[in-house]
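Asks: Here the protein sequences line up with chains A and B, keeping their order. Counting from 1, one number per residue, gives the positions in the first sequence under this note's numbering. Counting from 669, one number per residue, gives the positions in the second sequence under this note's numbering.
Hint data in this document are derived by calculation from the structure and do not stem from the laboratory. Treat the hints loosely; a few may be bogus.
Here are the simulated distance ranges between beta carbons [to be verified]: (1) Pro680(B) with Val408(A): 34 to 44 Å; (2) Asp524(A) with Lys815(B): 25 to 35 Å; (3) Arg903(B) with Ser352(A): 49 to 59 Å; (4) Pro680(B) with Val81(A): 20 to 30 Å; (5) Glu602(A) with Lys815(B): 42 to 52 Å; (6) Pro680(B) with Gly116(A): 28 to 38 Å.
Every value quoted in this text rests on a predicted model; they were computed, and no experiment measured them. Even for Gly, the Cβ is constructed at its ideal location relative to N, Cα and C.
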Amino acid sequence: MDTRYLFKRHNTWWVKVAVPKDARDALGFDLRQSLKTHDLAKAQEKRWEIVELFRDQIKNAQNELSLPLANKDSVQTFMPVTDTSNPQYYHKVVDCQYACPAHTPVPEYIRQISQGNYTDAYMINWESNVFPGILGRTCDRPCEPACRRTRTHEKAVAICRLKRVTYDYKGNIEDRIPKLPEKTNGKRIALIGGGPASLTVARDLIVMGYECVLFEKDPFAGGLMRTNIPSFRLPEEVLNEEVDRIINMGLETRFNSEITSMKELLKEDFDAIFVGTGAPRGRDLNIEGREEAKKNIHIGIDWLTSIAFEHTKSIGKKVVVLGGGNTAMDCCRSSLRLGAEDVKVAVRSPFSQMKASEWEIEDAMNEHIPIFENHVPKRFITNENKLAGIEFEKVEAVFDENGKRSLVPTGEDPVIFECDDICIAIGQDNAFEWIEKDIGIEFGEWDMPIVDKVTFQSTNPKIFFGGDAAWGPENIIWAAAHGHQAAISIHKFCSGEDLFDRPMPGTNLVTQKMGIHEWSYDNDISQAKRNLVPHADQSISLKNLKVEVELGFDEQLAFEEAQRCLNCDVQTVFAEDLCIECDACVDICPTDCINFVNNAPEEDLRNSLRIPALNLDQPLLVSEDLPTKRAMIKDEDVCLHCGLCAERCPTGAWDMQTFLYEEAKVYS
Amino acid sequence: MTYIVKPKNHHPNLERNELGLTRRDYEGAISTLCAGCGHDSISAAIIDACFQLSIPSYQVAKLSGIGCSSKAPAYFLNQSHGFNSVHGRMPSIATGANVANHELLYLGVSGDGDSASIGIGQFIHAARRQPNMIYIVENNGTYGLTKGQFSATNDLESKSKYGEDNLFPAIDLCGMAIQLGASFVARGFSGDKDQLVPLLKAAINHKGFCLLDIISPCVTFNNHNTSTKSYDHIREHNESVSRPDFVPLGKEITAEYSEGENIDVALHDGSILSLEKLSDDYNPLDKKSALENLIKSEKEGKVTTGLLYIDPNAKDLKETINMTDKPLNKLEDGDLCPGNKYISSLNDKLR
Ligand SMILES: Cc1cc2nc3c(=O)[nH]c(=O)nc-3n(C[C@H](O)[C@H](O)[C@H](O)COP(=O)(O)OP(=O)(O)OC[C@H]3O[C@@H](n4cnc5c(N)ncnc54)[C@H](O)[C@@H]3O)c2cc1C
Ligand SMILES: Cc1ncc(C[n+]2csc(CCOP(=O)(O)OP(=O)(O)O)c2C)c(N)n1
Ligand code: SF4
Ligand code: SF4
Ligand code: SF4
Ligand SMILES: [Mg+2]
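This is chain B alone, in the form it adopts within the complex (with noise of 0.2 Å):
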């Protein structure tokens, strides 16, 4: 808990963006998470990565369940939309919100237990469905805010603060994911912004449903020498399969690698994301091989991240059930009322 608003000073040098906005705009509130939650740093990524791509914060859509980790959106972004639902029902609403009106961007924010436990139903539906939002999992292998009970993503071995063994194994939501049909599943680590705010960027641009799990270590209640999501362990296990960078429509590559070391990916909207290769039989376009490669290094005790998985022209929810182009919220009574005629003749047949 912090007791002081944080000044609005900021460095004279301070970048802006194409909308003449600094980093600082995109704040939000000041957090009252536990000082050093990893779920900070990912508030801290999606500001940057906002910032970074000029978007105007009115034309967010934050929306959450219950937990630490969905009390993250109040810390950024206080200037977008906002919605907290109860606990584990964010993706309903997400899905709700995209029918309603496709033009917003949408970041859900949920936890591991939001996600994983009371929520896994709604969650699963959604990969399913490919609502067009980024679907981030502040994955923290506990319930924080309610003291720090094993989460269903918590591993077999990972024991608790307390000593007490974990009973029974780990849901691995990327897998999950990418099994369901999610066309952008990508696994992050709070420590590493480096990693995480182009694999955001590139998610903002990725038309479909994105799932981010990002690792982001309770330091309350799970950074023991006994967890498998302590800042420690996650540091000296982490395999990052691939270095993000990612290149806004109408920007030239800049880095330059070598032969077969490196996967280019162009986005629906003609941006592109440039993956560095970090191991030869990575390749994300292809879901057998993101599958297997999770397998591989779960049996290895590794912790996989990057992009795991996309198929860049994958269906969105508004294709398959052949929305309008106008947001439902913005169609007129014209639009929506089919005439005396058509109603007369439907109410004719029921009768």
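Just chain A, same shape as in the assembly (with noise of 0.2 Å):
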């Protein structure tokens, strides 16, 4: 076994050369390099062209000393320090509010529900997301899986449930909504459709003065979260007072009435437009036996407005729902609770891969209901010209080596169903007849309009598009994003700004030492587990659509699931100046964070840690050279936030501080 120039560093070879003395100023006692490897046998071949390539590096070395000093600059491209000033650095530390759409201030909320301060973690959701009481149930939650507890206790912090938790709880806010300017500022604005995108939009241009008038062809306002979203996920109450107070702060709406041309609309004096039609089209599936079917099969969006309108109250006793999203998932619980008896879901694709969030599906499942994964739909039966069945072909996921999926049928024989209902949920479309092709809208791929990305603005300059009517079906927490930034646009077009002239985020860094070894927040660590939520009992719950399924957590578990969260807003600041390389924080961290190091390329330098920084989207915090030519590198990634650096750091060069990052709103 021939191991020479290896060495072995946290499972990895790497290859070590010495530098002889001559050459050390310039290069250091040795030079190495990871192999990337675990495999012994692989390192050992992979050695000898690194060996080479450091006895090159040393003889030039070693020539250079010959030159005079002027050529002697090194080229070697080092990590740059990093510039904690640019707001986004300490943004990203806090993995769950880089993830939400409107960039929600989740520890600044966790932490007052701990305090029981629950009405002001409503109002600082308000801000960010409109809302909380409806987010708290029905978000698609992109915080979650970006959680920090991922990474370090396997189970993320109950974020969203946390956030309905500040919506039951809290107390009259009435006083704390914004007071409107006693004038309007003579500017109108129309908003087309009444999702929460458009309330988005309205509720941050009301308080600027302008003028709102909501267009929406049903007789209420809140989209698809109230015609599809079904009651027994989100109840009508906590919809209705959380829509309401947008239409209250001054929103002119026009109910019934929906928009059929764009030109017509141009015509009245608007000062802008706001398109939050949302993507109102629910997919067909055209196979053998539709036509003759048609009476038993819906399309399930449309069916689920008719529930919520109360147009339809009953189904059949057999229904199968095709698809595998977010909508399968609540045409099939509706089934249920409409009186079917036997209800089963049939997916294209593997179970692995459906689109409905994970919690759904769980959902779905303790009510009993069957999922048959890898089953395409071929034709429906039917007996004298009524619904009897549905037949599929069973398929199996092959991937190419690109990675791509193609569903390959197995031969086998074919399934069939007996059903008196269907529910079609395999997708959402745009509709935009009624925008006409001359009136400076470009549409791209799809028929879609051509929308800025950052601005929202279409290449009409007067009209804009947020929420599922820009790009496609999202949900509600990007309509909400998508509404304040429309909103920044729409305010900078009246005013005759440049919309790509962004307005920066607020932030606020200030130090939580109040003593010694004394912060202002509980750096200590829960090891408790994530709570669960609660439900209602499926004696009850089963039989009635109106019966919220989860019950949410009470103030104990709250308290119990809040204390979980680490505080990631609470960043650990590095002030190099006051280190005297001591060690005393690369000792106690817990999680090995913090390297004394020299600085090298980034590869090398993630490489060259205590604990190699092998996640590449966390990042490294690095400081200028200290007294001994090391730099300070912090790997970001599995930071608990607890503060015992700066608590055993003799000099203060570690201090934790609350990084308070606001997105911009029109009114900020």
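Can you join these two chains into the complex? Each is in its own frame, and there are hints to help.
Replies: So this is what it looks like as structure tokens:
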């Protein structure tokens, strides 16, 4: 076994070549490089090339020594010192907030929950995402898979459920709603569609003195939140409270007013128009028997709407739902509550690739609804012009070398499900027939309007898009995020400003030090497991569409869950001029984040840490060089924000400082 | 003082050793020493060394006297045996324990006050008798625990934090130990773990008395700019004689050095201490050269660190006094009792 030049560090083989004394000033004591392999045989092969390279480097350094000083500039590219004054650096450390489309300051409101300040916690949310009560029940929660706890303790903080807590336990907030200006600014904005996107634009612009007029084809505002999200997930009172709050701020509503021509609307004296009409068309499935059986085949989103408006009150005993997204999950669970006794879901894809959120699938399965994967519908079976069943071909997913999936028939016998009704929930499309093609709005791929990703402006400068209308179906939190940005753009447009000159976020960095080893945040790390939310008794909830299934956390559970938050916004701020390189912080850090090593190009640096920083999504905090020529390199990946580095630092070179990041609003 | 317990969560990629343990499994209680105290770094280095050598904690005994340094064993290897003796008496406890059970790894942890003042007599005899142990002096030039009086290792020119002169010259424990017959003598710096951890690993595998005199700045009482035991002073004046690399038994030497730049010392168990020479006249196998080096660097105001002297073949206490291979504490009645006949004849002689 020839292991010359090789050594092992954290299970990975490295090459090390000692540098002769005369070249040490230039190159250090030795040159080392990771071979990025755990396998000794591979390492043995790969080493020679690097050894040669190092030999050349050493020779060059020795040659250069004889050259005049001016030529000795090193060409090494080191990792630049981190610019923590760029708001995005610390923002990114707050994983949940960064992942939230509306950049809700999650840890800030979670701390308020721990202290029982539910109303403050609610308002922090309301500022960011407008619909905390609704979102606390329905949000797609991109923050949770991003949560640091998934990297340190396996399960994310139940962020979404804590948001619901802020709604459920808040006090009166009427006096906290922003006061409207005495006089309007004389500018009029038309908002088409009454979903979350338009409502957010309205909220922001009304505060600025704009007159906003909402056109909605239905008799109520709320969009899909009202027509499609079933009330067993989102009770009507919650929806009404948060939607009405905006209407009551002074939004002029025109219900039952479908806009059928953009050209006509442009003739009215609006200074700008916001299109928030969503993606209102459910996809159909035109296979054999569709026409004959049409009485018992329903388009998912239309069917859910007719339930919401109480036009539909029952369904057959046997129901098949086609599709694997959230709409399918809502359709099957609604069917149960309308009296179906045998409900099945059939999905084309494998189970693991279903589009529906994990928790929605879980909820459907808890209600004993079977999900059949790899079932491709082939024909509707009819009997005397009436739906009798559906036939499927069984497939399996095969991936080519580019990872592209195709569903290949397995050749098994077709599967037939008998049924009385079928819901098709296989996707949604936009519908813009009412926008004429000669009014300056250009359309691109898939007949979608061309909308700028930053400004939400269409090619007609007066017309803006947001929510599902902009780039197809998303979800509520995106609609709210779009709404805030579109409001900024509309205001800039109406004031003749550059739309691309986006306002900076508000930031604030405040030390949490209260005394020696005393912090104004709770820095102890809870070892509690993620708390489960209690559910209503199924003997009641399955019989009534209006009984909310999730009961929400009580105050005790909310407190325990809130304590699981690691306070990622309490930043570890490093001051190199104070550091005496005593290593105390390195020794105490429970997750080995802190390193004092020689700066190097990023890839090498990441590999040279105590525990190599292999999660490239997570930044390194790089200091200036310290007196020993090393730099402090902190891998942000699994920092627990426990503050122990700052407690052990004799000089206060580390400090724990809360970083508040507030996404800019039009009124901020 | 730190008030929260160090969270038990660790990095998901934290390495495991041959026993399946992580470095975190070798930790102790959270330290109550001042933040930034060099003693804590030494604890971390001991943890690293024991982890890397896959030493089972239950085979280690930590012995100490009195002082901040002597408190340190509470902060590492919390599953090991421990004995906190009275001030300056750690060496006799260690010697006794060695005789009773030579199978444990003895880590003596002391301070410069504990060893060079009140315990100097004990220190001398331990070095002379060579119990198989590692004798660590966490040397900060001061009595930390009693609030910063000069200790006997504080250099003559090194004033106190409050400006008082030091009237007496310093004791060099390394020089003394070499003269007294210690077979492994090294000086380290708490702020240089790259050097300290291999030295500790080599000491753990050396048979005989190992003195590790580790300069360990006291941030509270002896880290001011007129101190010669401050972080800054040591960094500026540190002259490392060699860069140690400990190579456990069965592993190969991996770094390649040019001719004459390297000294490999085979330890008694077959592991190797590979020393890269950083000074030309360095020869740790030669007592005279080791002592001369110390005297020379002292004159130049330098702090020599690294392995100063080693005699890999020296006799330890067990051999000298011809101890049984089976530790005393494991001997049965049958092994110990010479029998009625012998005792009667002995008794007869005494009558
Ligand atoms: C079944 C189902 C369940 C869902 N569940 C969730 C969930 O749990 N969580 C989540 O975050 N998201 C969910 N979504 C998605 C979410 O509801 C939408 O992404 C969100 O409502 C989009 O908001 P929006 O303002 O863009 O448009 P919408 O909410 O679609 O609102 C558009 C409004 O415009 C009106 N309109 C359309 N055309 C015109 C016209 N020409 N003139 C006048 N008015 C018009 C419509 O009547 C509608 O009220 C779900 C969607 C469906 C279909
Ligand atoms: C018999 C006795 N005499 C004196 C003391 C007071 N005392 C406690 S610690 C100490 C000095 C410790 O100095 P050192 O060993 O250098 O430890 P440090 O705190 O500096 O690490 C003294 C004199 C004592 N505890 N017992
Ligand atoms: S631990 Fe708290 S602050 Fe950190 S990502 Fe999760 S919810 Fe956000
Ligand atoms: S504890 Fe403070 S002074 Fe010591 S190395 Fe860390 S940052 Fe520097
Ligand atoms: S007084 Fe000095 S030796 Fe004692 S713990 Fe504090 S810094 Fe360390
Ligand atoms: Mg001392």
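Asks: Has the hinted range 49 to 59 Å been met by the Cβ atoms of arginine 903(B) and serine 352(A)?
Replies: Roughly 56 Å apart at Cβ, these two residues keep to the hinted range, so it holds.
Asks: The hint says 25 to 35 Å between aspartate 524(A) and lysine 815(B); measuring C-beta to C-beta, is that right?
Replies: holds (31 Å)
Asks: At the C-beta level, are proline 680(B) and valine 408(A) separated by a distance inside 34 to 44 Å?
Replies: Check passed, 37 Å falls within 34 to 44 Å.
Asks: Does the Cβ-Cβ separation between proline 680(B) and glycine 116(A) fall within 28 to 38 Å?
Replies: holds (34 Å)
Asks: Taking the beta carbons of glutamate 602(A) and lysine 815(B), is their distance inside 42 to 52 Å?
Replies: The hinted range 42 to 52 Å holds for glutamate 602(A) and lysine 815(B), with Cβ atoms some 47 Å apart.
Asks: Is it true that proline 680(B) and valine 81(A) lie within 20 to 30 Å of each other by Cβ?
Replies: Check passed, 28 Å falls within 20 to 30 Å.
Of the numbered hints given earlier, the model fails none.
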